[in-house]
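Chemist: Chain by chain, the residues run as shown.
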Amino acid sequence: MRSSILQTASQYLLPILLLFSVFLLLRGHYYPGGGFVGGLVASIAFVLHSFANGTENTLKIVRYKPLSLIPIGLLIASLSMFMPVLLGLPVMTGLWFEEPIPVIGMIGSALFFDLGVYLVVIGVVLTILFTISQNTH
Amino acid sequence: MIDNLIINTVLIHLFTAITQLIFWRKTVTQRILSVAGCFFGLVSAIRLFYKVYNQGILTMNAANWDAPFGIVFVADLFSSTLVLLTAIAGISVSIFSATGIGRARMLYGYFPIFHFLMMGLNGAFLTGDIFNLYVWFEVIIISSFVLMTLGGRKAQLEGAVKYMAMNILASTFFLTGIGILYGLTGSLNMASLALEVPKISNQALINITAMFFLIGFGIKSAVFPLYFWLPSSYHTPPSAVAATFGGLLTKVGIYALFRVFTLIFTPDEFMKGTFIVLAVMTILTGAFGALIKDNIRRLFSYLIVCHIGFMIGGLGLYTTLAITGAIFYLIHDIMVKTNLFLIAGLIRQLRGSMHMGKLGGIYAAYPKISLLIAVVIFSLVGIPPLSGFWPKIYLFNASFASQQWFYVAAILIGSIVTLYVIAKFWAQVFWKDACDDEIIVDNFQNLSKFKKGLLVVPILLMASVSVYIGLNAEVIIQVSTRISNELMEKTPYIQAVLGT
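In order, the protein sequences belong to chains A and B.
For reference, each letter of the first sequence is one residue, going 1 to 137 in this note's numbering.
For reference, each letter of the second sequence is one residue, going 1 to 500 in this note's numbering.
This is chain A alone, in the form it adopts within the complex:
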């Protein structure tokens, strides 16, 4: 069933939800939020779009297979974990840039870990949901 209300709404909601997910991701170090929640919100944005327009159309927007996000996310997270080893510090030690960056604030290795989690969550959720929805049609 195609509903034009839902279709129109999802057109506007998709970018807003994606922006919101990035906001949650960046906020996560000191406040509620972070990679996991951000990833869930971002994947909900795509799921909503697929409800309105069908899974095929959503896959066209995403362009890449959601499955390929999983290794990329894992790699980013693991590298941010591994970085301190190269400097002779224990694994997972937080490394921070000296100067804060405008808008985002302080950047450290924890942000990249969160970014990795964000990508993995999007990849996993979209892979599962799209596989199920493609099999039912």
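Bear in mind the hints are in silico, worked out from the structure with no lab data behind them.
Please read these numbers as outputs of a predicted model, since none were measured by experiment.
Yeah, the Cβ is synthetic: ideal placement off N, Cα and C, and Gly gets one too.
It is possible that part of the hints are untrue.
If you only want the chain B side, here are some residues facing chain A, beta carbon under 7 Å, derived [stated by the list, open to error]:
#1 Ile7
#2 Leu14
#3 Ile22
#4 Met60
#5 Ala62
Since chain A is already given, all that's left is putting chain B on it; use the hints.
Modeler: Frame of chain A, contents of chain B only:
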């Protein structure tokens, strides 16, 4: 002493798995990466063992948070020995998998999951934080669920349901125990728990908490009466998977029992008695189960249960001598049990069946392979001077000293039944003529020499480790004595972790 070497084996398997995910559906690349990853894992495990053997306990505070607050990784001799054995078993299974696992399973991510499992095993052996141990257990069981169901045959799913139900129950018990312990002491670090737990005035509550850990780890290591999930699930996945499970997964439970009941809880008389009763019953039920099984892998599954009892009993006696014997048995058992399941896989390749009634004549067709297998099963039975013989002497000595006659009798019965079952296995599978009415499916003959090598070399590798353990028992006894001294005398461990 802070050292990143500890975490290397974990990181190597993590990065191997991620790289393999990048090469999704490229099965040849994945096979090469898997063997390479396991090789580097082995090198780094040897380095870790060497360093720990010479320099004593190493620790690493993850994320540079100090010990009782952050998560600490500790490599004492016990941990690093098990990491080394895991690495040897891992590389053997990885080589065997290159031909022993069907391409369809590889396409759905067999190798990445296998490496996540290896990562979980290494992490569980190395962590010094009880909640982190729980997390590693979760990594292990989630990976093992996937490995067990991969392929989706009906028998596999049936086995997996039993496996999963019991293991989730075990995790719940374990987690409840951790919760109570944290409520009582306010700490999750094992070294600081070791200091805090004796100070609690309500020791009855501590004993009940200990029971939660006993049940949780007991289910995972297949101790009587909660072992039945093991024989009904381990014969369903492919043999390479069953080898990892049979050799390593139950042994993580044993490792956790030894760690928790030497470091955190000190068993009182009642607890020791419980361990002995559990050990005797585990040995007997495992042995009698093995007597009536016709399927090779079911038979081996019951033997796993039977021999778990030997180690639990060693813990129950709770003397340095008994724990030395139990640790030696653990070292021997990891190598032999992993190898047995690989052998079951090889027999399936040779004859296309796993039922002893249908098999036969392998000795006539493949004398060299049969001799290799004979060495392994002689080690299992414990024909002197092979590896199963020495730990039993220690266990006998210790149980005579503590006058635990039931346990002595159980070890005797367990050993004799093992001998009988293995003799039957040898006679039926290797010496008997194959039935005329059965069609023999020999996949092995048509394989290229390289692929044949990939199937036989891992068995040869682990058999030679078993022979080494048997013939160089002196070295292994030295290592196990040191381990049991470290386990019984916990101050150096606490000092290394907390730095006081």
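Chemist: Each hint should be assessed against the structure and marked as holding or not.
Modeler: So, going through the hints one by one against the coordinates:
{"no.": "1", "hint": "Ile7", "verdict": "5 Å, holds"}
{"no.": "2", "hint": "Leu14", "verdict": "6 Å, holds"}
{"no.": "3", "hint": "Ile22", "verdict": "5 Å, holds"}
{"no.": "4", "hint": "Met60", "verdict": "5 Å, holds"}
{"no.": "5", "hint": "Ala62", "verdict": "5 Å, holds"}
In this structure, every one of the numbered hints holds.
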